[in-house]
Amino acid sequence: MNRLRGWFVAAVVLGLMAARCWAGRAVAAESSDSYGVPQVKFINEQIAAGWADAGLQPSADATDGEWCRRVFLDVVGRIPTVAELNAFVSDSSVTKKAELVDRLLGDEYVDEYARNWTDVWTTTLIGRDVDNDMVSRPGMRQWLRRAFSKNLPYDRFMEELVTATGSNTNKEGVEGFNGATNFLTGKMEEGGVQATAKTAQIFLGLHVQCTQCHDHPFNNGKQNQFWEFNAFFRQARALRRFEETMDVQSIELVDEDFSGEGGDPNEAELYYDLKNGLKKVAYPVFVDGTEISKTGYLPGKTAEGNAYGVNRRRELAQLIKASPMMPKAIVNRVWSHFLGHGFTKPVDDLGDHNIPSHPELLDGLAAEFREQSFNLKELVRWIALSKPYSLSSRSAKGNLRDDPSLGEKPKFSHFYLRQMRAEELYESLLTATEVGESRVGGERAAKKKDEWLRQFIIAFGTDEGDDSTTFNGSIAQVLMMFNGELIKVATSTGKGGFLDRVATAGLKNSGKIDAIYLAALARKPSAKEVAKANELMIARKGDAVGALQDIWWAVLNSNEFILNH
Amino acid sequence: MFQTPADMNRRHFISHLAGAAALAAPATAFTNSLLANAADIKKRHKSAILLWMGGGPSTMDIWDLKPGSATGGPFKQISTSADGIAICEHMPSMAKQMHHMSIVRSMSTREADHMRGRYYMHTGYVPNPNVEHPSYGAVIAHELAEQVPELEIPPFVSVGGGSVGPGFLGMTWAPFVVDSNGNVRNLDGGIDPVRMAQRLDMLATIEKKFIGEKRGGSAEDHAKVLDKTVKLMTSRQMEAFKLMKEPEAVRERYGATGFGRGCLMARRLVEAGVPFVEVDLGGWDNHAGIFPTLQNQKLPELDKAMSALISDLADRGLLDDTAIIWMGEFSRTPNINGNGGRDHWARSWSVVVGGGGFKRGVVVGETSSDGKEVVSEPYSSQDVMASVLASLGVSLETTFTAKNGRPMKIANSGRVIRELFS
Chain P
1 MNRLRGWFVA AVVLGLMAAR CWAGRAVAAE SSDSYGVPQV KFINEQIAAG WADAGLQPSA
61 DATDGEWCRR VFLDVVGRIP TVAELNAFVS DSSVTKKAEL VDRLLGDEYV DEYARNWTDV
121 WTTTLIGRDV DNDMVSRPGM RQWLRRAFSK NLPYDRFMEE LVTATGSNTN KEGVEGFNGA
181 TNFLTGKMEE GGVQATAKTA QIFLGLHVQC TQCHDHPFNN GKQNQFWEFN AFFRQARALR
241 RFEETMDVQS IELVDEDFSG EGGDPNEAEL YYDLKNGLKK VAYPVFVDGT EISKTGYLPG
301 KTAEGNAYGV NRRRELAQLI KASPMMPKAI VNRVWSHFLG HGFTKPVDDL GDHNIPSHPE
361 LLDGLAAEFR EQSFNLKELV RWIALSKPYS LSSRSAKGNL RDDPSLGEKP KFSHFYLRQM
421 RAEELYESLL TATEVGESRV GGERAAKKKD EWLRQFIIAF GTDEGDDSTT FNGSIAQVLM
481 MFNGELIKVA TSTGKGGFLD RVATAGLKNS GKIDAIYLAA LARKPSAKEV AKANELMIAR
541 KGDAVGALQD IWWAVLNSNE FILNH
Chain Y
1001 MFQTPADMNR RHFISHLAGA AALAAPATAF TNSLLANAAD IKKRHKSAIL LWMGGGPSTM
1061 DIWDLKPGSA TGGPFKQIST SADGIAICEH MPSMAKQMHH MSIVRSMSTR EADHMRGRYY
1121 MHTGYVPNPN VEHPSYGAVI AHELAEQVPE LEIPPFVSVG GGSVGPGFLG MTWAPFVVDS
1181 NGNVRNLDGG IDPVRMAQRL DMLATIEKKF IGEKRGGSAE DHAKVLDKTV KLMTSRQMEA
1241 FKLMKEPEAV RERYGATGFG RGCLMARRLV EAGVPFVEVD LGGWDNHAGI FPTLQNQKLP
1301 ELDKAMSALI SDLADRGLLD DTAIIWMGEF SRTPNINGNG GRDHWARSWS VVVGGGGFKR
1361 GVVVGETSSD GKEVVSEPYS SQDVMASVLA SLGVSLETTF TAKNGRPMKI ANSGRVIREL
1421 FS
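As they're listed, the protein sequences go chains P and Y.
Numbering-wise, the first sequence is residues 1 to 565 according to the working numbering.
Numbering-wise, the second sequence is residues 1001 to 1422 according to the working numbering.
The set of hints was computed from the structure by calculation and includes no laboratory data.
As the structure is a prediction and not an experimental result, all values here were calculated from the model.
Where hints are given, some of them may not hold.
Only pairs whose alpha carbons sit at most 27 Å apart, straight line, appear in this in silico DSSO-like list of lysine-lysine [to be verified]:
hint, chain 1, residue 1, chain 2, residue 2
1, P, Lys528, Y, Lys1214
2, Y, Lys1096, Y, Lys1076
3, Y, Lys1209, P, Lys528
4, P, Lys409, Y, Lys1409
5, P, Lys397, Y, Lys1096
6, Y, Lys1209, P, Lys397
7, Y, Lys1403, Y, Lys1209
8, P, Lys488, P, Lys448
9, P, Lys488, Y, Lys1224
10, Y, Lys1214, P, Lys409
11, Y, Lys1208, P, Lys397
12, P, Lys294, P, Lys222
13, P, Lys279, Y, Lys1372
14, P, Lys377, P, Lys345
15, P, Lys345, Y, Lys1403
16, Y, Lys1403, P, Lys397
17, Y, Lys1208, P, Lys528
18, P, Lys449, P, Lys488
19, Y, Lys1066, Y, Lys1372
Sample of chain P residues facing chain Y (criterion: CB under 8 Å; computed from the structure) [said to hold, decoys possible]:
hint, residue
20, Tyr416
21, Ile475
22, Ala476
23, Lys528
24, His565
We put the CB at the ideal spot given by N, CA and C, even for glycine.
Taking the hints into account, I'd like the entire structure generated from these sequences.
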């Protein structure tokens, strides 16, 4: 703790020295540069062409502090510490943004990077519901953490999820653990209807679930396409494995020969109900019309040594990998993560009926992503270093009408405000208060976070297990920020805690207020804010730490804190 | 007016919060309304209660039975307190209340996906990537809130489910989501009122600065929700959420279930002046084993709570001012599938309405003998919404302006279902 305190004082003092030289300084011309990265150049050109077409003027660049806060939130899922912030702001190198992105994507932050993207993908792959006994969140997370720690190429990432076999839970006595199975274990009911819908939606950007019961009324989806896609999942089964006590111990995802309704794997027919009550047969056909063998047998060899059979999910993974939709879907998703809006809305619907805002940019980035061996960190680097990502969230005269919330297609002429995800808020509070323990994560920290997140989850009562969150700017969220346990901890004045350290670091009052602002908002207070803060100092009389607590509470509750800007 | 210590504390708190709201303009309005003695809302006001059946209930097993048909399933029908209306045998208590309600048996919609259907039935619009439409709760709260200026709790409460959001009407009309036990989390931080007011004052300074920097609507929305939260924290009307204030016999009548408690809370909230309450009952997505699930679980829970709510509202003279809507996102296939379940079906189904200005005890429309077709004039989500609004006296000429500046007719220009009004 002493060591930590010493570090903190150093950081604050260093921070103030640095702060003096950067206050108000505009970002230098480097941001129009593409850092010698051709993909960044491509993004900048395409986006600028969009501005020219629409007659929009981009906003000025964000301040260094704003950009730094933004990139920490988006890459590692939390705001920067005061030390990290000051190191960036006081750096006068013209390539400092590229250097910071490199660091955030490098070994130094690998655990935090993995924690952040594990959070994002856990929600994408298995939703928020923490009570589904067909799914092990720890198992899912364990696999995701490993995947992101070693920057598993995205095609392999998809393939391992789509073709996974093994047990979903990592506990004693369970053999063959493979956390990737959790993507599908909870989606195998009724012949894998959910597995079909979610695989198409997440990895191909196609909404096929509407065509389950009928042809789609206004896009080209046909009912047979749903069931032909579904046929790829018919060899997969999720089996409950029991303990001696008869409690479910784990779920095992296995592939078995698929016999179809006639009981013969040579036929392997799957029937679905037409709207008129008749039945129709379906065999595995990919969304682009590619057929694979109709056999329901898994690969094997006859006594004579002749190979037969096919593993349908493996075939599917190969087809997804070869599809132009796969890189488009992930590029759109990652772009949306960083810029607040995808090229389409919803971000996972790239069907023909849903024209992207920047089709050439999307196609070009998708092609580059394939070219660069589906390297997710490269994709992150291109987007994080791009011009649109560097812009201020303050609208300018020339771009007031660029507002996707008005139903316009996004032009990215300024940064769009968005609220932190609940996970980002949680990690940011820990960071801002410098409670180091959970920064990196690990399963214990993740479970604690799950418990906290539970208060915001609303289930919709359907078999699809879809859910929503009240962490969306609602009263429930504000009440949590006003009075919740997490805020009580974050604003506690206990010895050795954040506020105590600020109070006892030997700073003047103005320095203390600065420290609080930098920690939460990555900027120094305005004159008006200093005046208000001083009123509080006076009102609390001699209780310096009490006054800091009030200011800190107000800062954490502000729009500026909760909104990624 | 007696003064309890708690009451004094509240007034103390409020007086210190004067001017502490995050937005300057609403601050005075809100302070004034708080300082006026706002304890109870006595004058008449209109409300609506939506009983939302998440997952898509099989209406041909509940409100429009087809006994003897191949698609009909095993349930029998029983006669009810409304002349000529028969419903499912597993709804015996509702059978005694049907003179208060009417059934629309000629719903025909096209959205048979949960998310799309939920959105469509809540808003009257199909999902559109360019605009988010306001849901029932947001629209009705928006239109009726001025009848109850003394209301301090949010005008749109969703019990046990998330409902659908306020769309372009903005976060101030978002559902206030509570669980069916009425526990509002984090309501009290135990902070001294004087200090809390000072903190809010500091907070208002930061909020205003950021709003002034023109970074987009969510900055201002945040401040508005802050104001609403402060209002709610200081309100005695929060008592409406406390079901334990009800006699045990009453609680027992609604049933010791989530939905039972939700319905009882809906009654208390309507009494407190809340214009719109949604109560969720999920679990209707019965792709397998539908009949035992309905008979043993879903229908008993529904029957008990819904009948208690209607009879209670009627007994208290509230039913004429309270519209009730029972519906899900769609219904289920007339054909029974291989797993003894029914799948998603939107082409022919029923919703139930009552109370408010609705004509009661009538059946509107008809389906074919196997339940697969509507054989009378079909009605849509927009039509139901228009009818509900009409039953509350909301003008159907009301036009909203979406964020993009486009005019949007309330209820998507739905037609009022004539037979529901005499």
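To see whether the hints hold, each was checked on the structure:
no., hint, result
1, P:Lys528 - Y:Lys1214, "holds (18 Å)"
2, Y:Lys1096 - Y:Lys1076, "holds (16 Å)"
3, Y:Lys1209 - P:Lys528, "holds (9 Å)"
4, P:Lys409 - Y:Lys1409, "holds (23 Å)"
5, P:Lys397 - Y:Lys1096, "violated (64 Å)"
6, Y:Lys1209 - P:Lys397, "holds (19 Å)"
7, Y:Lys1403 - Y:Lys1209, "holds (23 Å)"
8, P:Lys488 - P:Lys448, "holds (16 Å)"
9, P:Lys488 - Y:Lys1224, "holds (23 Å)"
10, Y:Lys1214 - P:Lys409, "holds (20 Å)"
11, Y:Lys1208 - P:Lys397, "holds (20 Å)"
12, P:Lys294 - P:Lys222, "holds (20 Å)"
13, P:Lys279 - Y:Lys1372, "holds (16 Å)"
14, P:Lys377 - P:Lys345, "holds (24 Å)"
15, P:Lys345 - Y:Lys1403, "holds (17 Å)"
16, Y:Lys1403 - P:Lys397, "holds (19 Å)"
17, Y:Lys1208 - P:Lys528, "holds (11 Å)"
18, P:Lys449 - P:Lys488, "holds (16 Å)"
19, Y:Lys1066 - Y:Lys1372, "holds (11 Å)"
20, Tyr416, "holds (7 Å)"
21, Ile475, "holds (5 Å)"
22, Ala476, "holds (6 Å)"
23, Lys528, "holds (6 Å)"
24, His565, "holds (6 Å)"
Comparing the model with each numbered hint stated earlier shows that hint 5 is the single one that does not hold.
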